[in-house]
Amino acid sequence: MPWSFLKRHSQVLVLTISSAVVAAGCLWRAIKRYPSSITMVPTEENKFIVDQCPSFNEYRPTPWIFNGHFMTVFGVIFRSLPNVLFQRILVPVDDTGGTIAIDWHTQPYKGQPILLILHGLTGGSDNEYVRWMTLSGHSKLNACCVVVHARGCGRSQLTSARSFCAADTNDLRISIQYIRSVIGTETPLFAVGYSLGAGILTKYIGEETDGCPLDGAVVCCASFDMHLSTANMEQLLHTYTYNRRLTNNLIRYMRQHEHHFTKSKSLPNLNVNQVYQSKTIRDFDTHVMVPQYGYRDVDHYYTEASSNIWLKYIRIPTLILSAIDDPICPIDGLPIDDVLQNPYLIAIKTLEGGHVSYLQGWWPRTFSYDNIVVVDYFKARLKQMNYQWEQENNDQNLISIHLNQ
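Be aware that the sequence shown starts at 1, since it is given in the numbering used here, and climbs by one per residue.
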């Protein structure tokens, strides 16, 4: 082949070779295996769950999304936002006027299983991953789905000078008490938490021990060790990507509810001008969480917000789902020894998945792998409980979701 030909067509050759390499890479990723690691005490109950849930064994990611960073980003910008309607109930949570927003996807029927969904940092029922989990729970589990918001999140108004806090489980506790007051004690109540919501859920069910009113839980992409997660976010690349973006979201949250904090006499050490100058999540937590909740310093707050120490106290069936390539919540924060000593826990480590993403298929616009896992797990739990519910399209069987005055 003459050199003149190569020179004339060099750009075409480079493009052709590059395309061939990318295509070969995608093809290889489409056919290779992605075995997950399953850690548990091999009790008969856990073996039954795993046997009923083949989705635990492998997560096959979208072939053209090559690592956890791209997976995390595409999970936000590429996934479609389905049209899902909710009915909102405001539930009081303290004696200072604080409330939380609880969104019901549908009005529940008597005996219909309930799936409680907890969102991530500054998220809510308007997030893609929350809505797809809602649709999946409704269509594939036949459950009534309920999204419990952190204070001031999900386009709800903060009603007192107190923001959400990763270490505070009281709001979740009260929301579950409210849901139980609606559905009664015999109806199955499950919960799935993502990221921040996963950490709060883990701590809550650990605190409740034998008295937990949930019948099962899934914690997805949790930050079990807040010290480790924060240090991870302060790496050079992460500082100027995830950390800065999440900090800006937190500042936007404070600006939205600023009037509560500028007028409050109970928070003399909270300076909103310092808050708005925050460059990292650590800065924000130092200026907001520490003075607001009375922690000694930000490290004290991160210790209290870490859910890893509560795993040993969990006494309800709980599934932990984490990705090895999660760029925001490192999987190293999960204490495997505690999982191996607690028969109520099953931990799945997937090779890929990113943070709250788990996209699958060539065109990942809809349901994700975590949706499948959550539905499979709670279906297995219903079988364990020997619980069956047949929907009757009778309005007389609908339950009122309004607060009892």
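Hints were generated in silico from the structure; no laboratory data involved. Note that this is a predicted model, so its numbers are computed, not measured. Some clues are possibly wrong.
To be verified - Straight-line distance between alpha carbons at most 20 angstroms, and here's what the computed SDA-like set of lysine to any residue pairs gives:
| id | residue 1 | residue 2 |
| --- | --- | --- |
| 1 | Lys-263 | Tyr-276 |
| 2 | Lys-110 | Lys-312 |
| 3 | Lys-383 | Glu-44 |
| 4 | Lys-312 | Lys-383 |
| 5 | Lys-349 | His-69 |
| 6 | Lys-32 | Pro-291 |
| 7 | Lys-263 | Lys-383 |
| 8 | Lys-312 | Ile-401 |
Claimed, not checked - Just the calculated beta-carbon pair ranges, DEER-fashion:
| id | residue 1 | residue 2 | range |
| --- | --- | --- | --- |
| 9 | Ile-324 | Glu-390 | 35 to 45 angstroms |
| 10 | Leu-90 | His-300 | 45 to 55 angstroms |
| 11 | Lys-140 | Trp-363 | 19 to 29 angstroms |
| 12 | Asp-299 | Pro-92 | 31 to 41 angstroms |
| 13 | Thr-96 | Trp-64 | 28 to 38 angstroms |
| 14 | Lys-47 | Gln-177 | 28 to 38 angstroms |
| 15 | Asp-126 | Gln-391 | 21 to 31 angstroms |
| 16 | Asn-394 | Asn-273 | 52 to 62 angstroms |
All residues carry an ideal CB built from backbone N, CA and C; glycine is no exception.
Quiz item: When you check the alpha-carbon spacing of Lys-349 and His-69, does it fall within 20 angstroms?
Solution: Between Lys-349 and His-69 the Cα gap is close to 17 angstroms, so the pair holds against 20 angstroms.
Exercise. Go ahead and decide if the range 31 to 41 angstroms is satisfied by the Cβ distance of Asp-299 to Pro-92.
Key: holds, 32 angstroms
Self-check item: Straight-line alpha-carbon gap Lys-263 to Tyr-276, limit 20 angstroms
Solution: holds, 17 angstroms
Exercise. Could you see if the CB distance from Ile-324 to Glu-390 stays within 35 to 45 angstroms?
Key: This hint holds: roughly 41 angstroms between Cβ atoms.
Quiz item: Is Lys-110 within 20 angstroms of Lys-312, Cα to Cα?
Solution: Roughly 34 angstroms between the alpha carbons, so the hint for Lys-110 and Lys-312 is violated.
Quiz item: Holds or violated: are the alpha carbons of Lys-263 and Lys-383 at most 20 angstroms from each other?
Solution: violated, 53 angstroms
Exercise. Starting from the hint 28 to 38 angstroms, judge whether the C-beta atoms of Thr-96 and Trp-64 obey it.
Key: violated, 50 angstroms
Quiz item: If you check the beta carbons of Leu-90 and His-300, does the distance land in 45 to 55 angstroms?
Solution: violated, 31 angstroms
Quiz prompt | Lys-47 versus Gln-177 beta-carbon gap, inside 28 to 38 angstroms or not | solution = Holds - the Cβ-Cβ distance for Lys-47 and Gln-177, about 33 angstroms, lies within 28 to 38 angstroms.
Quiz item: Holds or violated: Lys-312 with Ile-401, Cα cutoff 20 angstroms?
Solution: violated, 34 angstroms
Practice problem: Below or equal to 20 angstroms on CA atoms is what counts here, so check Lys-383 against Glu-44. | Solution: At roughly 14 angstroms apart (the allowed maximum being 20 angstroms), Glu-44 and Lys-383 satisfy the hint.
Quiz item: Taken at face value, is the distance from the CA of Lys-383 to the CA of Lys-312 at most 20 angstroms?
Solution: Roughly 25 angstroms separates the two Cα atoms, so the pair is violated.
Checked against the numbered hints listed earlier, the structure breaks hints 2, 4, 6, 7, 8, 10, 13; every other hint is satisfied.
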